Amino acid sequence: MAEEAQAALQALLRSGDAARAVLADIGRLAARTGPVRLMEVCGTHTMAIRRAGIPALLPPGVELLSGPGCPVCVTPNAVIDRAVALARVPGVCLATFGDMLRVPGSSTSLDGVRATGAEVEVVYSPLDALRLAEERPTREVVFAGVGFETTAPTVAAVLRSARARGVRNFSVLCAHRLVPPALDALLARPDFRVDGFLMPGHVSVVIGSRAFLPVAEGRGVPCVVAGFEPVDVLLALRMLLAQCAEGRAAVEVEYRLAVRPEGNPHAQALLAEVFAPEDAAWRGLGEIPASGLGLRADYRGLDAARRFPVEPEPTREHPGCRCGEVLVGAIHPPACALFGRACTPARPLGPCMVSSEGTCAAYHRYGF
Amino acid sequence: MCLAIPMRLREVCGELGKVELGGVLREVSLVLLPEARVGDHVLVHAGFAIEALSEAEAAETLALLGEVMAAEAGGEDGGHG
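Which chain is which? The protein sequence lines are G and U, in order.
Here the first sequence stands for residues 1 to 368, numbered as in the numbering used here.
Here the second sequence stands for residues 1 to 81, numbered as in the numbering used here.
Isolated chain G (complex conformation) (with noise of 0.2 Å):
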């Protein structure tokens, strides 16, 4: 693209008169619709959404909910004890996106148990993990595989590299998840209503937005992938509008710029290669079939939970923590009593509060 159309772009998508013209259209198709209720599924939508302060600028009527699309916060105990488990073994280097390194597990979380000498790097990319091991002969380096379709891949390559070039001392510890099968779990619960979804723009340019067709055609829910400017979100809540007005339910593309029906086949061949779907659990929403991605036989010799069959802490959870219902957009997090009070980000009691892209950091930092 060239650059200055790009820039041209960028800035109309943040620009305060596009946002006005936009919200004009959505305030008259909102009177049309009545009251409706539009979940996101992404964190990074999340923020956008509270960073540009957009619930507020909505007509009364249109009511933002987050579901479950931040990988971090989703990811049950279970695995960050596991986590934990495989750090406090001797010789292991535990690799994690900086994201995974405060969220409590039962009693401790990765970067409580690194202060107690356990080994916990920080990386960007998988790639960086990768090249820890090589640097680092002497030492078992596990990458902790967290993050949904976007991310998966990625860790897909790096594990077809480390087999490829027979690197020994790297495993991966799998605890992908996979955004469909969620939104399928959502939408099977007696009590979920919402009238369209947002969905994830990052999500969508591996797996195809075609991926959403099910939701639309299938359970007859508006859905519109999404950019992550402002006004890229404001258009596509006017899509989501739009369809409702119209009695319509089809998978519309806002972010067109980067978002094809058919997502990007190289990465989907490269996860179809490694993983394969597997069942999985979820905070909030419990096990899921199919919703995990586990490494197809070749791989396995990479697995960390086989080459390390560490015993894991019993599960606890948090008595009083509800990140469990603000991940399926059961409740706003100013509902639950701990918000704001004994759970903050400095002091952060559930995953929802400790990842940058949680939905209760969102609130606390952007207001409500």
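Hints were generated in silico from the structure; no laboratory data involved.
Remember, it's a predicted structure, so these values are computed and weren't measured experimentally.
Any given hint could turn out to be false.
As the list claims (entries may be wrong) - So the derived list for chain U, only partly shown, Cβ under 8 Å to chain G, looks like this:
(1) V31
(2) L32
(3) V38
(4) H41
(5) L43
(6) H45
(7) G47
(8) F48
(9) E51
(10) A58
(11) E60
(12) T61
(13) A63
Virtual Cβ for every residue (Gly too), placed ideally from N, Cα, C.
Please arrange chain U on chain G, whose structure you already have, making use of the hints.
For chain U alone, kept in the frame of chain G given last:
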């Protein structure tokens, strides 16, 4: 966590590329986007280019926003007139 940042691809060497952000070059893997070419504006996530941004679609989004803003300006004029 699914954050991806658009960066300009400045060099390609096999499965590796160099992208530029704010005048700084950094290495990026092209394994997930082997068709990427120098000059592409690519989305980078966790050290990997995951998609090239489409110039045609950018123009369409610009045009759509132009229409929405023009309609709104027109509507306001009508309202005041």
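To see whether the hints hold, each was checked on the structure:
1. For the restraint placing V31/U at the interface with chain G, the shortest Cβ-Cβ distance is roughly 5 Å, inside the 8 Å limit, so the hint holds.
2. Taking 8 Å as the C-beta cut-off, the interface hint given for L32/U holds, the closest approach to chain G being about 5 Å.
3. Proximity of V38/U to chain G is violated relative to the hint, the smallest CB-CB distance being about 13 Å (cut-off 8 Å).
4. The criterion of a C-beta within 8 Å of any C-beta in chain G is met by H41/U, whose closest approach is roughly 5 Å, and the hint holds.
5. Because the beta carbon of L43/U sits about 6 Å from the nearest beta carbon in chain G, less than 8 Å, this interface hint is met.
6. The closest approach between the C-beta of H45/U and any C-beta of chain G is roughly 6 Å, which is under the 8 Å cut-off, so the hint is satisfied.
7. Interface hint at G47/U: satisfied, since its Cβ lies 3 Å from the closest Cβ of chain G, which is below the 8 Å cut-off.
8. Of the supplied interface hints, the one on F48/U holds, with its beta-carbon coming within about 5 Å of a beta-carbon of chain G, less than 8 Å.
9. Given the 8 Å rule on beta carbons, the hint for E51/U holds: about 5 Å separates it from the nearest Cβ of chain G.
10. Taking 8 Å as the C-beta cut-off, the interface hint given for A58/U holds, the closest approach to chain G being about 5 Å.
11. For the restraint placing E60/U at the interface with chain G, the shortest Cβ-Cβ distance is roughly 7 Å, inside the 8 Å limit, so the hint holds.
12. For the restraint placing T61/U at the interface with chain G, the shortest Cβ-Cβ distance is roughly 6 Å, inside the 8 Å limit, so the hint holds.
13. For A63/U, the suggested interface contact is broken, since its CB lies about 10 Å from the closest CB of chain G, more than 8 Å.
In summary, the numbered hints that this structure violates are 3 and 13.
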